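K.L.:
Here's the letter readout for the chains.
There are 2 protein chains.
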Amino acid sequence: MKNKSFSNRGMFLENIINESNTYYNGIEKCLIFKKPTPVKVLNVTYPNNNSHLIDKAVYSSISTLDYNGIYREKYIEFDAKECHSKTSFPLSNIKNHQLLHIKSVIKQKGIVFLIIYMNNEFYLLKGNDIIEYINNSDKKSIGFEYIKEKGYKIKESYLPRLKYLDTVDEAYFKETV
Amino acid sequence: MKNKSFSNRGMFLENIINESNTYYNGIEKCLIFKKPTPVKVLNVTYPNNNSHLIDKAVYSSISTLDYNGIYREKYIEFDAKECHSKTSFPLSNIKNHQLLHIKSVIKQKGIVFLIIYMNNEFYLLKGNDIIEYINNSDKKSIGFEYIKEKGYKIKESYLPRLKYLDTVDEAYFKETV
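Residue numbers (the numbering used here), protein chains in the order written: chain A, 2 to 178; chain B, 2 to 178.
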């Protein structure tokens, strides 16, 4: 059911993050945006001189993560993943090109992580910890215990709905908080 | 001729920058990508269980610039503009939301600029210098003289085709070059 992935999957988490970013960007705490969903355009028609209509296109994929921007003068990039299993996070949720990209951001000394929604809780899991897990395990999923142990729990609030930048402070700027 | 803007305009410069980024990213000098062109999807059909087809969509616009990423541990964002006039760069090339976004990136202490192709030459013009020009002028365009004076000329080469990161060094990291 490939089409499902473009309709409902992840929309709850995506919406909550988008709302949080709108708030955070508005108070100038950061500047973080979701990248547009890539679409491969196959045909465009021009009904009249001043308009165009794409009448044939498909969703495609990008090699980066969905969100990026700047926070505390640092480059930041992350992706949002909803996990419906209560016990483990399937690694099939992370595409191979995304994994390579996470490694590349780490090499450039950027901040890179996943926000995982699992068991009605939100966790920030650092790119480093994901890579380390994969390098040291043959398993096809990350157990919830590992996420609870290595990840950072993100607090919810009214504004922003997800206080994930506080969690970024905790995970990456410990010495200055 | 709105449709023109999505076909030929700017494709020469865009291609040359994309090739340069492929090279730069490949040698791990930076990690900079063009954002996907945003498309507003109006209808999707599902010819069968395993595929989807967007049969009604239009191009839309984003409030950010086209390229962003990380270089020398700094957040970097820029846009590419081809100018066909030999004497002045029309400010109508910079949308109002892009101008606001340039100001926001400056506030967050990111690196932000335009790459302008004009008179067969490539220039990096800092976001700061664009804002300053607009704040101190009622003109609807930036004269080529101002671009030559305030901008930084970008050298061309075989690989990368546009050595714009050398120009970023010159414009933003003077003390360490």
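Hints in this document: simulated from the structure, not taken from any laboratory. It cannot be assumed that every hint is accurate.
Which copy? The list can't say, so a pair holds if one copy fits it or any two copies do.
Cut-off 25 Å, straight-line C-alpha distance, at most; resulting in silico cross-link-like pairs (DSS-like, lysine-lysine) [unchecked claim]:
| id | residue 1 | residue 2 |
| --- | --- | --- |
| 1 | Lys140 | Lys41 |
| 2 | Lys87 | Lys41 |
| 3 | Lys87 | Lys108 |
| 4 | Lys57 | Lys108 |
| 5 | Lys30 | Lys141 |
| 6 | Lys30 | Lys57 |
| 7 | Lys96 | Lys30 |
| 8 | Lys82 | Lys41 |
| 9 | Lys87 | Lys110 |
Computed from a predicted model, the values in this text were never measured in an experiment.
K.L.:
Does each hint hold? Answer for all of them.
P.N.:
Here's how the hints hold up against the structure:
Neither within a single protomer nor between protomers do Lys140 and Lys41 lie at most 25 Å apart by alpha-carbon distance, with minima of 34 Å and 39 Å respectively. In this assembly of identical chains, the alpha carbons of Lys87 and Lys41 never lie at most 25 Å apart, being 35 Å within a copy and 34 Å across copies at closest. Within a single copy, Lys87 and Lys108 get their C-alpha atoms no closer than 32 Å, and across copies no closer than 42 Å, so neither meets the 25 Å cut-off. Within a single copy, Lys57 and Lys108 get their C-alpha atoms no closer than 38 Å, and across copies no closer than 40 Å, so neither meets the 25 Å cut-off.
Proximity of Lys30 to Lys141 under the C-alpha cut-off of 25 Å is found in neither arrangement, the shortest distances being 37 Å within a copy and 32 Å between copies. When the C-alpha separation of Lys30 and Lys57 is checked against a cutoff of 25 Å, the pair qualifies neither within a copy, at 40 Å, nor between copies, at 37 Å. Taking the shortest Cα distances, Lys96 and Lys30 sit within 25 Å of each other only across copies (24 Å), while inside one copy they are farther apart (30 Å). Within a single copy, Lys82 and Lys41 get their C-alpha atoms as close as 23 Å, and across copies as close as 23 Å, so both meet the 25 Å cut-off.
For a Cα distance limit of 25 Å, the shortest separation of Lys87 from Lys110 qualifies neither inside one copy, at 32 Å, nor across copies, at 41 Å.
Of the numbered hints given earlier, the model fails hints 1, 2, 3, 4, 5, 6 and 9; all others are met.
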